[in-house]
Amino acid sequence: AQSVTQPDIHITVSEGASLELRCNYSYGATPYLFWYVQSPGQGLQLLLKYFSGDTLVQGIKGFEAEFKRSQSSFNLRKPSVHWSDAAEYFCAGVNSGGYQKVTFGTGTKLQVIP
Amino acid sequence: IAGITQAPTSQILAAGRRMTLRCTQDMRHNAMYWYRQDLGLGLRLIHYSNTAGTTGKGEVPDGYSVSRANTDDFPLTLASAVPSQTSVYFCASSDNGLASTDTQYFGPGTRLTVL
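Residue numbers (the numbering used here), protein chains in the order written: chain A, 190 to 303; chain B, 264 to 378.
Just chain B, with the same shape it has in the complex (with noise of 0.2 angstroms):
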């Protein structure tokens, strides 16, 4: 079992280019969630899906979007990349949704620098 893959595994970005983040589990885990982690903030919440079909906001939402067409993929998109969004990007997943108890299990991350 992968568990959760992301790719790429790192990428330069020039500013103002598109950009796909993808991330696949095949866990068959109902709930994905996509996180930055930057030096001295931690982990911080992009956005979030609890079941297919469905998203929801974090804390930084603000340039990027998500989709979540199907159980097990959840790709992250910056429309129109700047430098501030240069990062470790995590991709996680759960099994009943946010529920409080649940276990989050990550990918290895994309770290992106966008210049």
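The following block holds chain A by itself, in its conformation from the complex (with noise of 0.2 angstroms):
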């Protein structure tokens, strides 16, 4: 079945430190991803997406998604995280071409410590 899955429930990393959140798809060919991210009590907000081309994609607030074909994964990065970025992560992905209904991970939730 076409799916993302998002192995890490929860995540605690200190502010300042880097911040790694993976995510793993499964598509019988390239889909397009997405992350999202949705802070406490609001609704998901994207942060960056992949269709094609350069495999290292820049989204909003400091973050970066790589792309990687021969791991089958998408994994969302920042190099220093701060105490805003504490909220919940969401993977996303979509078969690519034509009308397709976009599959969410379960999300990752991340905690920040001072």
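By construction, these hints were calculated from the structure, which means they are not laboratory data.
Careful: at least some of the hints might be erroneous.
Said to hold, decoys possible - Calculated cross-link-like contacts (lysine-lysine; reagent style DSSO-like; alpha-carbon spacing at most 30 angstroms): (1) B:Lys320 to A:Lys250; (2) B:Lys320 to A:Lys290; (3) B:Lys320 to A:Lys298.
Said to hold, decoys possible - The following label-pair restraints were derived from C-beta to C-beta distances: (4) B:Thr366 to A:Ser261: 22 to 28 angstroms; (5) A:Thr219 to B:Gly303: 24 to 30 angstroms; (6) A:Lys290 to B:Thr272: 22 to 28 angstroms; (7) A:Ser261 to B:Arg285: 37 to 43 angstroms.
All of these numbers come straight from a predicted model, not from anything done at the bench.
Glycine included, each C-beta is placed from N, C-alpha and C at the ideal position.
From these two lone chains plus the hints, build me the complex, please.
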């Protein structure tokens, strides 16, 4: 089945430390991939998306993600985490081409400690 | 620009009652979606609409119905609520129908508790 998997339910990092959130995908062809962030009590907001081309994608708020076909991964990274980055992060994917529904991962909750 | 608004913000409902969750967008987007968010399950698509006048079923449509009489509004109705429908419900929209590359814009959510 086509899906995205986020293996980490909860991650804690210190403020100023680097961050990497994992996302693995399972699609027959190269999918379109997204990362969304959900702050407490809010809806989801798009951080970045990958369709094709450069495998390193830059997003908002200093986040980036790298598409690795060999590892079926699309991990989200940030070099230095701020306390305001505490939120839940969702990876999402969809089959490329045509009208397809987006599938969301189960989310990774990020806690930032001083 | 307000984006997407949802009402109510939260609701406690007795089982068996009928409930309509409202969703309105002011971005003139063609497509709209309803998701439910449950702990450990992420977001699951309930129903969607590619354009006004059309609707489709998502992953978990049972017990829910939708209508899309115009571009802006996409209400979700629970005809006879059950406790398993306790969840946080998010409405979203995107510009060009279910085109894969579209960003989805989300509302703030409705927290529904069915007792």
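Verification of the supplied hints:
Our distance criterion of 30 angstroms between C-alpha atoms is broken by B:Lys320 and A:Lys250, whose separation comes to about 34 angstroms. Only pairs whose Cα atoms come within 30 angstroms are accepted, and B:Lys320 paired with A:Lys290 is accepted, the gap being roughly 10 angstroms. Taking the CA atoms of B:Lys320 and A:Lys298, the gap is near 29 angstroms; set against the 30 angstroms cutoff, the hint holds. In this structure, B:Thr366 and A:Ser261 meet the distance hint of 22 to 28 angstroms, their C-beta atoms being roughly 23 angstroms apart.
With their beta carbons about 28 angstroms apart, A:Thr219 and B:Gly303 fall inside the hinted range of 24 to 30 angstroms. The hint said 22 to 28 angstroms for the Cβ distance between A:Lys290 and B:Thr272, and at roughly 27 angstroms that hint holds. Between A:Ser261 and B:Arg285 the beta carbon distance is about 39 angstroms. The supplied range of 37 to 43 angstroms therefore holds.
The structure is inconsistent with hint 1 alone, although it conforms to all the rest.
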